[in-house]
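Given chain A, work out where chain B should sit, using these hints.
2 protein chains.
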Amino acid sequence: MADREAPIGVFDSGIGGLTVAREIMRQIPNERIVYFGDTARVPYGSKSRDTIVKYSRQIIRFLMTQKVKAIVVACNTASAVALEEIRTELDIPVIGVIKAGARTAVSATRNKKIGIIATETTINSGVYTHVIEALSPGISVVGKACPLFVPLVEEGTFLKDPITEEIASRYLEGLKKEQIDTLILGCTHYPLIRSLIGRVMGAYVTLVNPAYETALELKALLFEEKLCRAEGSGLQEGLHTFYVSDATEKFQQFAESILPCSVRNTSQINIEEY
Amino acid sequence: MADREAPIGVFDSGIGGLTVAREIMRQIPNERIVYFGDTARVPYGSKSRDTIVKYSRQIIRFLMTQKVKAIVVACNTASAVALEEIRTELDIPVIGVIKAGARTAVSATRNKKIGIIATETTINSGVYTHVIEALSPGISVVGKACPLFVPLVEEGTFLKDPITEEIASRYLEGLKKEQIDTLILGCTHYPLIRSLIGRVMGAYVTLVNPAYETALELKALLFEEKLCRAEGSGLQEGLHTFYVSDATEKFQQFAESILPCSVRNTSQINIEEY
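These protein sequences, in sequence, are chains A and B. So the first sequence is numbered by my numbering: it starts at 1 and just counts up by one. So the second sequence is numbered by my numbering: it starts at 1 and just counts up by one.
One chain only, chain A, in its complex shape (with noise of 0.2 Å):
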């Protein structure tokens, strides 16, 4: 019988998945997190699949260690190319961030086409056109690689400069002429230039974030597995935890610009011991 008021595991390469998190406290704001960032081995997006599955075991087993109830792989690629395989493996609900992202893209396209922008592992994996397919057999999928956009993220003095503008631009150019007409940001970082993707796209575009979708659908996971916590518990300091593979400074300075709750608690674990 699963714990009720056990953490959810949330798990990124590196900070991209805060995004996610954040979303999770703000749809269910009594549930505590244990988060972690593989921020010693990160990015994720231009490795191969056998490494990124090899990477999530890692995490997962140590998520495990923390009597997680449920796990959220926060991260594009790890969802893309590891997700199936991991999660026959436990005994616990995983879910990832493709689906939710899919179906909402799928309600969303009124013309039947659908963008995805996302890291090369994620594109190179088809998966998205794979599950938007089996959803809806009728839609057209045009997946484009964005490799530039996660650094710009990173680089943080490029976030809204003309710059980033002109590269997407040029990323986003083909999706254009495709004229689709719903565009998933398929990798955690995307929707930190949100308003800058949607101006190069248009109004008539709509931007699917799979971050909020993904909290939704673990919402709905949980009262469906009877593993919400128990009502009332509230959010309160040191609810959640976080941990990280490299030093905690910069992924902490990070985690408090976004993130609504203390990051206080975030220590740094050796992963490859896991």
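Please note: incorrect hints may appear among the correct ones.
Since the list can't tell identical chains apart, any single copy or any two copies may satisfy a pair.
As a list, the in silico BS3-like pairs of lysine-lysine whose alpha-carbon atoms are at most 30 Å apart [as the list claims (entries may be wrong)]:
no.: 1; residue 1: K112; residue 2: K144
no.: 2; residue 1: K250; residue 2: K54
no.: 3; residue 1: K177; residue 2: K54
no.: 4; residue 1: K177; residue 2: K112
no.: 5; residue 1: K54; residue 2: K67
no.: 6; residue 1: K177; residue 2: K113
no.: 7; residue 1: K160; residue 2: K176
no.: 8; residue 1: K176; residue 2: K219
no.: 9; residue 1: K219; residue 2: K112
Please keep in mind that the hints were generated in silico from the structure rather than gathered at the bench.
Positioned in the frame of chain A, the structure of chain B alone reads:
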């Protein structure tokens, strides 16, 4: 007694160190190289000192299993933060890429103003400033981290692009104002956009490529230590071997485009086991 026929270990966080391996092949063509690129954990440039020291130790333990007679740390970030510590733990010669570049810059400067561009961790370590001041106390040193240069080089399609030139102009603006006359390319990726950097800086500024200087330093060192491979053993097929921590395909593709030798001898290893 060290084996003169043994190979030289060369390592980097990924593919950048191949620019150093290439110079070694040019300068000392009959030496054998065992190259390791940490492609599963790349990049190092934004990660902490402790993590980079740990990774460097694992790589050195691996290279020692290959019975290398000397080690070249062909990564500026690892040279900056890990070299002094790991050198004391080894009984074979170990050289980095910092000292050779610093020495050349000191001889090249006329106005005694040297600039350094490198990763965040290298710049924050202050090691170039420290080494240059020890060599020649009157010189002023200006450092600038250029975190987007590595992803721009690795992206591939932006190498000769106006966007890269615009980003370079922004990064280098401060160094131009300081009127440096010598600029150290303090990251092994940067020689790949050398001419673009040269255009931005102008003809007055001498660009120093530590890869070239390091190969010369290694040559002198092997001679002094009586470690040169026997004359006439020559360059032959399969002389060099390459190891990476992620899948081999992408690495081989890049390596083949810049090296004068075959890279068919490339294998993936699990570096975390060392």
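Against the structure, the hints:
For the homomeric pair K112 and K144, the shortest alpha-carbon distance inside one copy (17 Å) is at most 30 Å, but the shortest distance between copies (47 Å) is not. With identical chains, the CA atoms of K250 and K54 are at most 30 Å apart both within one copy (25 Å) and between copies (19 Å). Taking the closest pair of Cα atoms, K177 and K54 never come within 30 Å of each other, the shortest separation being 38 Å inside a single copy and 48 Å across copies. In the homo-oligomer, the alpha carbons of K177 and K112 lie at most 30 Å apart inside one protomer (15 Å), although the nearest pairing across protomers, at 53 Å, exceeds that limit.
Within a single copy, K54 and K67 get their C-alpha atoms as close as 20 Å, and across copies as close as 29 Å, so both meet the 30 Å cut-off. Proximity of K177 and K113 under a CA criterion of 30 Å is satisfied intra-copy only: 11 Å inside one chain copy versus 50 Å between copies. For a Cα distance limit of 30 Å, the shortest separation of K160 from K176 qualifies both inside one copy, at 21 Å, and across copies, at 25 Å. With identical chains, the CA atoms of K176 and K219 are never at most 30 Å apart, being 34 Å at best within one copy and 54 Å at best between copies.
For a Cα distance limit of 30 Å, the shortest separation of K219 from K112 inside one copy, 28 Å, qualifies, whereas the shortest one across copies, 63 Å, does not.
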